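Number of protein chains: 2
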Amino acid sequence: MLNIALPALAVSVSAAGGLGFLAAGFDVSSLEERLQETLSLVSQPNSGLHHIYQERGTLPIGVGFINWGADLPRAMAAIEKYKPCAVWLFAPRSQPDDLVPWVEQLRSRVPGYQPQIWVQVGLVAEAVAVAKVLRPDVLVVQGSDAGGHGLAQSASVLTLVPEVCDTLHAQQMGQIPILAAGGIVDGRGVTAALALGASGAVMGTRFLASLEANVAHGYQAEILRSTDGGTSTVRSTVYDRVRGIAGWPDRYNGRGVINQSYIDAVEKHMGDDENRALYEDELKKGDMGWGPHGRLTTYAGTAVGLVRETMSAADIVQGTSQEVSNIIGQLGQ
Amino acid sequence: MLNIALPALAVSVSAAGGLGFLAAGFDVSSLEERLQETLSLVSQPNSGLHHIYQERGTLPIGVGFINWGADLPRAMAAIEKYKPCAVWLFAPRSQPDDLVPWVEQLRSRVPGYQPQIWVQVGLVAEAVAVAKVLRPDVLVVQGSDAGGHGLAQSASVLTLVPEVCDTLHAQQMGQIPILAAGGIVDGRGVTAALALGASGAVMGTRFLASLEANVAHGYQAEILRSTDGGTSTVRSTVYDRVRGIAGWPDRYNGRGVINQSYIDAVEKHMGDDENRALYEDELKKGDMGWGPHGRLTTYAGTAVGLVRETMSAADIVQGTSQEVSNIIGQLGQ
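If you're matching them up, the sequences are chains F and L in order. Under our numbering, read the first sequence as residues 1 to 333, first letter to last. Under our numbering, read the second sequence as residues 1 to 333, first letter to last.
The shape of chain F in the complex, shown without the other chains (with noise of 0.2 Å):
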């Protein structure tokens, strides 16, 4: 949800019950900029966070890092300043080893605070080990269904997840929450994810078809056009590697939208460069570069085929709360 996920939509997603996150991602430079327009629209005596930010004195939003790029006394600097109640790390170079310094600092910097550390893991030896190394407040366990990047080689969080609790239970760990993500946009996937174990789920691709979303017109139209995602979107670094993003350690690729770009890759052998050049030819386009024949990248889940309208994040938020009661009350009977 890189440049996505800005201030409106972490706001948005706070304010109607969910807990919502800034994508900071691997590159922190506008960081601290973002956290001050979050701390404004908070500070909106209509925010409906207002009150909750007043009496606890952190921001009611936390901030999600891709680790292996982002800069981290720059980023304690921002966190230092705004002091998010969350901080949700993603994609070490070194799991869980590069992740200690993060965690420490967190941890001790600023007297009395300590925001809760999320950490995202996609199989059940690297739950373990994030568990043991960094005790983290919350385990993001995140399957092969999700959209953007994720391990290449992931269970999807049907079994990954009743895995990762059987596991850490085992080993005295049990007591971290889990959350699912990867797949989940509605209530039916979040009653899924509470069967298999987990405390509740993370939802990204559903928040694409959101009001608040920072997204391209073009983009949006393409989450909603895309059905069937098992088929339409696929897991690749060739979208990576057409927009010259070069960090992201080898265990890792992003799913996204079969395109242009991936069919030229993947069917037709074309070089990097080549295609690179497309992909920057493209840009011109603006919205009308996005599609099956476009060659902008369209990051999605193999959810995309449900998120068929776009809505205020709230809606979402209320909608599917609402949706996971009705579920566990028809399963009851």
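It cannot be assumed that every hint is accurate.
[Unchecked claim] Computed from the model, here is a short list of chain L residues facing chain F with C-beta under 8 Å:
no. : residue
1   : Ala152
2   : Val157
3   : Ser226
4   : Asp228
5   : Gly230
6   : Gly247
7   : Leu306
8   : Leu331
9   : Gly332
[What the hints assert, rightly or not] The calculated label-pair distances, taken between Cβ atoms and stated as ranges, are:
no. : chain 1 : residue 1 : chain 2 : residue 2 : range
10  : F       : Gln330    : L       : Arg308    : 29 to 39 Å
11  : L       : Gly174    : F       : Arg56     : 41 to 51 Å
12  : F       : Pro177    : L       : Glu323    : 17 to 27 Å
13  : F       : His51     : L       : Gln318    : 49 to 59 Å
14  : F       : Lys285    : L       : Pro249    : 33 to 43 Å
[Claimed, not checked] If you want the footprint, here are the derived chain L segments under chain F, 3+ residues with CB under 8 Å:
no. : stretch
15  : 13–19
16  : 159–168
17  : 187–201
18  : 264–275
19  : 294–303
It should be emphasised that the hints constitute simulated quantities derived from the structure, not laboratory data. Because the structure is a prediction, the values reported are computed rather than measured. Backbone N, C-alpha and C fix where the C-beta goes; we use that ideal spot for every residue, glycine too.
Start from chain F and add chain L according to the hints.
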């Protein structure tokens, strides 16, 4: 479950309250013999199925076919003679066209006998086409976590089941029951499937660790040993290639535990002839031929790490059912 789900397993599953299937697969030459054996088991007064068989006149088990290879006349002759209560169709060369004669004969050939027709699909578009043309009694919706063969590209049931439900509903075909397949091995997975909109679930990998499965000790030991299926299993065609099985349409591959055949093929670029020769040599090792450094195929889903002990099929069926009740009760609290 080819050569594994034989009469003893199928009958035990049905006797416990599930519906067991014989794996006929793509070679139906031994189907008649296996149905005769099934009939003998069912006819035993203490089978628990004796009365239901007498009452209904159909065998209380199903037969599963892999339709790119299964011979229709020979299959129909066996079905006509033994009347299984259900037939499960999967992987025709052309979907759904090649299944039309199967469905026509199953529905009309034997006066007064119509087995339930189950058809397995792995995409939304496939589900719609099958529903429209074949009007099956059950759609088995298989996701990417499944062990053994399935579509090389697909979503997990987490997103596939809800989208199939919604799409069939929108096209006035919402009355067709959907069973989730792929990654489901216990009550957590079944409850998740129900939350996603399925009417139930099917399980394969779990029954590899049943007392009644006709499975080599080495295979079963590898199922019990393997954990973290997102990284310990992989979808590939290599396990067919080393065994000389050439009939699967291109859109399918099979998920198995990573072993030396896979490592040699993918990391060491070994040719199929050499890899196959090594496989055939490995067969002489018997049970010792399985394992991460072995070459005998361990087809299994990503839930393999949740399968930790061998138990009777009855304990699996009844234990899973009890877990579902418990989880639904907990969700309601």
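Status of the hints after comparison with the structure:
no.	hint	result
1	Ala152	violated, 10 Å
2	Val157	holds, 6 Å
3	Ser226	violated, 11 Å
4	Asp228	holds, 4 Å
5	Gly230	holds, 3 Å
6	Gly247	violated, 22 Å
7	Leu306	holds, 6 Å
8	Leu331	holds, 5 Å
9	Gly332	holds, 5 Å
10	F:Gln330 with L:Arg308: 29 to 39 Å	holds, 31 Å
11	L:Gly174 with F:Arg56: 41 to 51 Å	holds, 46 Å
12	F:Pro177 with L:Glu323: 17 to 27 Å	holds, 21 Å
13	F:His51 with L:Gln318: 49 to 59 Å	holds, 52 Å
14	F:Lys285 with L:Pro249: 33 to 43 Å	holds, 37 Å
15	13–19	violated (count 0)
16	159–168	holds (count 6)
17	187–201	holds (count 9)
18	264–275	violated (count 0)
19	294–303	holds (count 3)
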